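Two chains, two frames, some hints: make the complex.
Line by line, the protein sequences are chains A and B.
Residue numbering for the first sequence is 1 to 86, as defined by UniProt numbering.
Residue numbering for the second sequence is 1 to 156, as defined by UniProt numbering.
Hints in this document: simulated from the structure, not taken from any laboratory.
Being a predicted model, the structure only gives us computed values, none of them experimental.
Where hints are given, some of them may not hold.
Okay, derived cross-link-like pairs now, DSSO-like style, lysine-lysine, Cα gap no bigger than 27 Å in a straight line [said to hold, decoys possible]:
(1) A:LYS85 - B:LYS122
(2) B:LYS76 - A:LYS60
(3) A:LYS72 - A:LYS48
(4) B:LYS132 - A:LYS72
(5) B:LYS122 - B:LYS76
(6) B:LYS93 - A:LYS46
(7) A:LYS48 - A:LYS9
(8) A:LYS46 - A:LYS85
(9) A:LYS48 - B:LYS76
(10) A:LYS48 - A:LYS85
(11) A:LYS9 - B:LYS93
(12) B:LYS40 - A:LYS48
(13) B:LYS49 - B:LYS122
(14) A:LYS9 - B:LYS122
(15) B:LYS132 - A:LYS9
(16) A:LYS41 - B:LYS122
(17) B:LYS32 - A:LYS9
(18) B:LYS32 - B:LYS93
(19) B:LYS49 - A:LYS72
(20) B:LYS40 - A:LYS9
(21) A:LYS60 - A:LYS41
(22) A:LYS48 - B:LYS132
(23) A:LYS60 - B:LYS49
(24) A:LYS60 - B:LYS132
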Amino acid sequence: MSLTSDSLKNIIQERLNADLVQVEDMSGGCGQAFAVIIVSKLFQGKNKLARHRLVNNELKNEIASIHAFTQKGFTPEEWQQQGGKI
Amino acid sequence: MFSRILSSNTLRFSPRLSTNLIHSRYLSNEIKSAIELAIKSTPVVLFMKGTPEFPQCGFSRATIQILGQQGVDPSKFAAYNVLEDQELRDGIKEYSQWPTIPQLYINGEFVGGCDIITGMVKDGELGDFLEKSDVLIPEETSDEQPNSANVKPSQR
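Pulled out of the complex, with its shape left as it was, chain B reads as follows (with noise of 0.2 Å):
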């Protein structure tokens, strides 16, 4: 697999670097069936130049806040870095026939670009989208109530 990021359980959307970073050379077979796993294997899976912590382009410093805005959970959301792998970049434009990064995937299914997403959001769209598809902070949380939002950094 190649490196994947993950989100941390905070209110801020602070994702951590997982150890298995891999640098071996894939065949395209071989891209196609990781990209798939990890597309069904989380909910929301966004590539990008960068980590969510610290994105290398506007565009995917752009989608990466409007999904923290919006409410995604952080337990159903995993970034992976393209710039990290040359074949996954190469790889996750193949597969979509989507010429850009970012790519948002939803439940497995392309979702769009920067320009797509911040479109749903300026439509109101997105919000009622990602809600549907079930991915966002549940509302009312379990017996444990907060006095305050936990803004500290992950401990990660």
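For reference, chain A alone in the conformation it holds in the complex (with noise of 0.2 Å):
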């Protein structure tokens, strides 16, 4: 099953409980490179390094599938700081 930007981010909503979720592909529709903007309040307390652990844990078998991924993860309040709407 290849990844559109909707189905994977209906999986991250899901697996990290996100209160926001913006997907870009990048690909020009051959759904391999996407960017994605999580905020979650599972960031909370992590550093950079370990909240993309989290996001490529639960995302093993979908960033496996693809040819680029890249990410930005922020709580809901570093959302908010930078002018943010949920």
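Encoded structure:
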């Protein structure tokens, strides 16, 4: 099954208990490269490396099946501090 | 050992390819000890797609540019091209439990991939971290004061 922005978004939302997920398909439709922004309480108290590891673990199979995956993780507080809405 | 690209000693971040390319197959254990040796024998090690001069992926390119801009000492830097060695490509992901390339190691410790490094630059953390890790070009070098920056490409 090939991954789409929408299916990836749903997967992230569910597995990372995310308040907000933005998925950008950078592959021009071939389902190979995604940039995601994740806002989740699970990132609380974790540094960048730990946040990425958390996401990488939850999305192990998905990331392995695509060519490129780039991620940014914020806690709800951080997201709102920089002007984001949830 | 898998292929290794050492950086040359110029101001540009332009490394050279060493000649000991080995294409034999490794067991996982062997690849693991080769990786361990690699990340422990050079302070700054980048596993990337392509070479620093010719990165073959935008993420590897961005990472190598950042390391150059931050002033990482080329004599303390080594890059390994995972595209030349499928076992290294698989092995390094297994070793770090990290699914993507590039991967940066400093003083034997995994630092992160392109997103992490880019984020550290944005937050102003990377410079301090590199400074603390003692991997930057020293600000005041020896008695030899160049009149101008050496912008010639490596002679090797």
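What are the numbers of the hints that this structure violates, sorted from low to high?
When the structure is compared with the hints, numbers 2, 15, 17, 20, 24 turn out to be violated.
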